[in-house]
Structures are given as structure tokens and as C-alpha cells.
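So the first sequence is numbered by my numbering: it starts at 2 and just counts up by one.
Treat each hint with caution, since some may be false.
To be verified - Simulated crosslink set (DSSO-like; lysine-lysine; CA at most 27 Å straight-line):
| hint | residue 1 | residue 2 |
| --- | --- | --- |
| 1 | Lys392 | Lys412 |
| 2 | Lys413 | Lys392 |
| 3 | Lys392 | Lys410 |
| 4 | Lys505 | Lys519 |
It should be emphasised that the hints constitute simulated quantities derived from the structure, not laboratory data. Note that the structure is a prediction, hence the values are computed from the model and not measured.
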Amino acid sequence: MRLMQRNWIGRSRGLQFAFSTSGAPEGFDRIEVYTTRPDTLMGASFVAVSPDHPLARHLERHDENVAGFVAECRRIGTSEEALEKAEKKGIDTGIRVRHPFDEAWEMPVYIANFILMDYGTGAIFGCPAHDQRDLDFARKYGLPHPDVFVALDAPEPVEATAFVPPKTEAVRYVRGFAGEEVQTGEAAIDAAIAFCEENSVGHGVTQYRLRDWGISRQRYWGCPIPVVHCPACGVVPENKENLPVELPMDVSFDTPGNPLERHPTWKNCTCPRCGGAATRETDTMDTFVDSSWYFARFTAPRATTPTDRAEADYWMNVDQYIGGIEHAILHLLYSRFFARAMVQTGHLPDSAKEPFDALFTQGMVTHEIYMTRDGRGRPVYHLPEDVEEGKLRTTGEAVTIIPSAKMSKSKKNVVDPVNIIGAFGADTARWFVLSDSPPERDVEWTSAGAEATYRHLSRVWRLADELAQAPEAGSAGEDLALQKAAHRAIAEVTRGIETFTFNKSVAALYALTNALQKSGAGRAARAEALRIMAQLMAPMVPHLAEEVWQMAGGSGLVAAAPWPQADPALLVEDTVTLPIQINGKRRSEISVPRDAGKDEVERIALADDAVIRALAGGAPKKLIVVPGRIVNVVV
RNA sequence: GCCCGAGUGGCGGAACGGUAGACGCAGGGGAUUCAAAAUCCUCCGCCCUAGCGGGUGUGUGAGUUCGAAUCUCACCUCGGGCACCA
2 MRLMQRNWIG
12 RSRGLQFAFS
22 TSGAPEGFDR
32 IEVYTTRPDT
42 LMGASFVAVS
52 PDHPLARHLE
62 RHDENVAGFV
72 AECRRIGTSE
82 EALEKAEKKG
92 IDTGIRVRHP
102 FDEAWEMPVY
112 IANFILMDYG
122 TGAIFGCPAH
132 DQRDLDFARK
142 YGLPHPDVFV
152 ALDAPEPVEA
162 TAFVPPKTEA
172 VRYVRGFAGE
182 EVQTGEAAID
192 AAIAFCEENS
202 VGHGVTQYRL
212 RDWGISRQRY
222 WGCPIPVVHC
232 PACGVVPENK
242 ENLPVELPMD
252 VSFDTPGNPL
262 ERHPTWKNCT
272 CPRCGGAATR
282 ETDTMDTFVD
292 SSWYFARFTA
302 PRATTPTDRA
312 EADYWMNVDQ
322 YIGGIEHAIL
332 HLLYSRFFAR
342 AMVQTGHLPD
352 SAKEPFDALF
362 TQGMVTHEIY
372 MTRDGRGRPV
382 YHLPEDVEEG
392 KLRTTGEAVT
402 IIPSAKMSKS
412 KKNVVDPVNI
422 IGAFGADTAR
432 WFVLSDSPPE
442 RDVEWTSAGA
452 EATYRHLSRV
462 WRLADELAQA
472 PEAGSAGEDL
482 ALQKAAHRAI
492 AEVTRGIETF
502 TFNKSVAALY
512 ALTNALQKSG
522 AGRAARAEAL
532 RIMAQLMAPM
542 VPHLAEEVWQ
552 MAGGSGLVAA
562 APWPQADPAL
572 LVEDTVTLPI
582 QINGKRRSEI
592 SVPRDAGKDE
602 VERIALADDA
612 VIRALAGGAP
622 KKLIVVPGRI
632 VNVVV
């Protein structure tokens, strides 16, 4: 998670410096470049700038060839996929630069299609030996590719494949200029930056990758952006007393597009500055803007200011964030950013700089997608409940089944638990949803088994109902056995809830139900076990739990009763069954007292039939006894 | 291409390096019933065996260990993210 965010932010440390030029137009006597590998400066063979670089823009106006090339780059440049497949191309500007360490060393300046204007300075120096893109480019245009460093074990010069070892790996520098001859890339980079700073060649720079942080969307569903477009004053912010600008309710979605665009009374307004006729911004904010700070707002939902500091101080932080992995680098990152800003503006306490104390990443619920096509061949999606055996319920038309994907309203592959609730009740629906899959995993939705869940809950109710018929007193042994089972359930259900493995909690409750059903315990012991069961299942099946609680003699509401505590003394067994392995394979098992010493376990194990057979009179080569766990005999 | 994550019965899934498959679903057999529903009992990874029992088995291949689903390395498949970032 943190790694994904780190990659997204794209922090890098490098060197920024300038090449001095010759033959360049006025105002371009220096070209600033940025590199994360300043240690490869002696392997430079060309300089390349982005088609959007000021130099390229300048040349575009004076040179037909350049204009043609740049236009071509822009044409391809729109689609990311095209960009990926596009060949590395460039055009020689005729301009030359001098190497910062050697006045006599000249290199050509290209405009190249693979250089991005919005990262670094929009200009690079190419080091073909240690960058595949640069190497492809250099080979295409017949430029040299001198090695800067070689592998320690196989010092071969670079040919078709650039030599790019991890920065943590030590290599031998053959054209180094700072630091040791043999050093890691990391060390060399640090040494190179230090060297360049000392010699006033350049300075170290930490870069962040900038990505699309635009917040506006052309749609109705979102907070209006409180900005007014005035023909006289231009773009004007709405006055504070008019905030918030609220969405109009009387909109229709009959025609495609943003309804705000064609809403006359909302769209037309007066300019907050000059009072003249103006129009509102019809773009709205993406929902991530709201979701990035709603948890802070929730601490004081009726406050007239964004937050109430006393309330925020009291309630923040968020104890537990639960969300899908798709939020990892979007919502979670934006929220952290917002929280930092809100700490600085005084809306949140300092401790909320990181607003979430814990994160649980839940899986997605998936379902098949059912599709037909309309008269014009456009896809039409259908709800699962409208489809039966591959055909539409209404018309009998066959549907195309698209493999399972995350549920989405637009694809209509959503299911509503309302069917289960209608047939079996809310308790069954909740238990069913929690029972099988651990929540961090993706699950294919199926309602198969809902009925079985209902049968199980009925069985629990029946067990409570039959309590009166149980014998007044059971044997002490049976009573104790049931008590132990109940306390084991307390331990397991509690652990399951605390670790979000609700499926394991449910499994433990099944086990307790089975134990109760088979038990010969007396009425008091059964009632106690039932009360514990009611408490343990209350979070999952609150209605049934209250009933069972009452039937078993609980007082008040089970929801108000304190969570039961497992008695450690009841969690241990007096005798344990130990598996016996012979050469690591399970061959037998023995029963020993819980507190049996190693010697005693050994003695019992060596008396076991299977062990005697395996040893055939000889002595074991080795005997491993892990108390309470296992015995392994090596022969 | 790079970076994460996951691969266990027919299915959902359990297993601090210590009896693989808990618990559930589906399925088989039986009891009860005139019959059914409901309920209860029982079996249930695969192969061999009449049975007792044996072999084999956690994506594939190696390794560490007395012992590996679990740890290490390589590979395969699937899912997700990023993707010319100098």
C-alpha cells in the first residue's frame, strides 16, 4: 500500500545542470537538463528536448522540417497506447552543446518524441550505454554509446541491450569522475551530485512526478465549483455569504450531457464583483473532493464552519478505515493530502496529520454480466434477477454472458440482498454474507446456501426452544464439556471479529451449535451455553440473538450485555492427542496427559505399536518430542 | 516491460514450521413417514484394497529442515496497479 503510494508520487533525486550551446537561437545559450543518473555524465552522447520544449517551439516557427516533425509528434501524442508503440524518433536541430567537464567535447541536440515536457526540465542528456531508450535512439541515429561502468564479473561492452543494474549493485566505473572506482550506483550518484555542486556545474534536485489532479468533471453529481464567469470581469469567485452554491433539484436526465448546462435559472446569475449578468461554472467537483474530508466533517455535522475544533480534537483519528484496494492510491492518498492541509489551516488537530490509524483492505464482490444488443448494435445490460438460464425472463431472448467483474451500476451486474431478506429475513442475510469468504478476498456472488443458513439459524432457535425439555441436571462431565466448548467459542469468535475473519467466527459458532446439540448436559449448563451463544452471535444476527438470550434466561438486552470473557482454565484439555510421525510421516497417535513431561511422552511413544514395528528391535536414530504438539521418530 | 497480491477437494474456505482439508455448501447412503416436506444419523481429496491397511496429494521444479500449504530460489497461471518519468 505505502509502496503503491510511493510509486504514484514518484519521488526521485537527481542533478539539474545546464549545457552551454553553440549555434542556438538568441536566448537559448543554455539548455537545462535533469538526470537521476549524474554518475553517467561521461557516457553522454547527445542532448534531447521535448517537442513541447521552448527551444522546439522556437525552432518550429523558423524551420519547416522541425515544424513537420513536431506536428507529427503531437498527432500521435494523444493516445497513451500509440505513444507506447511509437518508435523512438528525433530530429537533429543542428545545435551543439559543450560537455560541462570538457569544452572541446561537443554533442548534437535533438528534438525527440519520447521526452516529456512535464517532467524535469523537458530536456535530457542521453546516456545510451545505461538506458535502453537512449540506446535505441543512439543506434538509430548512429551516435556513440560509451560504457560508463561494467559488471564486476562480466565486464562486456554494451551492444544491443543497455546495461542497467539495480542502483544497489556494485559495479566498476571505467568512465567515472567522482567517488570510488568500484561502488554502487547509489553511492556514485551521491558522489556525482556532490562533485558537481562543488564545481558549480549544477545542483541536486528532488523531483516529484506530477499527475492529473484536476478536480472538475462535466457532470451533475458533485459539488458545484463556486466560480462565476463574467463577460466583464472574467473568472470571479462567488462571495462567501453566497456559499455553498447548491445544485438545483429540478433537473432532468432525458437528454445526454450535463443538465446544469441547460438549466437557465441556475446557470444564469449575477457577477459577484460588478453585478452584471454572468453564468455559473457548470463543471462540478469530482466526488473524491468530498470523500477526502467527510470523516472530519462527520465529527461535527451541524457546525457552521467546516469543522468544530473541539469536536475534531475529541473524535479524530479515524480508528479503522475499511475500503477496497482501488482506493489505495486515490482516495487514501487524497485524504492524507487533505488532512495535512486541514491541519495547517487549523481545522484539524496536529495528531490528524495522518488521519487513519488502521486500514483494512476488503475484497470486491463480483458477478457475471448479462448483455444483449439493441437494434443499433449497442450493448444493453440486464440485472441478474431478470435473467434465467441464459435467457431474459421477459422476452426469452438469449443473453451474452461476460465473465465476472466488480459490481457496477452501469453494467447492471449488481445483486440486492433484498431477495434473501424477503425470503429468510435480515438475520439470515447478514449471517450468510459473513459466513464463508474472508472479507479481504474478492468473491463471486452467489445466493446458493442462503437457505442452508436459514436452516441453521432455525436449528439454533429450536435448541433454545427445547431448553425446557432438557433434564434438570446432567452429569458433571457433560456439563464441563459443554462449558469448555462455550469458552472455546468465546475465544475463537472474539479473535475472528478482532482480525476481521468473520468467516472463522461463524465457523466457531457452528461448532458450538453442534456441541450443544450433541451434549448431554443439564438445563443450567445448556442455558449458560445458549446465553454465551446469544452474546457471540449478536453482532451478526441481532434479532435472533435477543430471542435466544431471553429464552435462555438472560436479563435485559443482549446488545447491552458486556462481551463475554473466555476463562483460560476452560481452554485447556486434560489429555492431548499427539500425532506420531515416523520419518516425518504420520503413522499413529497417542493420548497423553496435558502436563506429561518429555520423558513420559517418549516412553509412551516408544511403546506404540506402529513405532515398535518401525524400529524392528533397533534404537531410533533420533527422537523429536515437541510437548503438546508432535512426536517424530527417525529410524 | 516494471511493481504488488494470490494459486489448497466438486464449490466457499481452515491450518503459531508440527495430524492438510476445521466449518459450511453441494453430493451419496440410512432412519422417521402411507408418501412427501421438515428433522435426525452417517459417509464424502484422489488411487489401490473385500477388509485391515497402504500409496499419493496444497500451481510446477529444486532447496533448507527430524518435519514445509507455511521458509528460500527459479518458473507457470490468474488478478490488480503503473507504464517512454530522464
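Hints and how they fare:
Distance check on the hinted pair: Lys392 and Lys412 sit about 17 Å apart at the alpha-carbon level, within 27 Å; holds. As the CA atoms of Lys413 and Lys392 are separated by approximately 15 Å, the hinted pair is consistent with the 27 Å bound. Between the alpha carbons of Lys392 and Lys410 the distance comes to roughly 20 Å, so the proposed pair stays at or under 27 Å and holds. Between the alpha carbons of Lys505 and Lys519 the distance comes to roughly 21 Å, so the proposed pair stays at or under 27 Å and holds.
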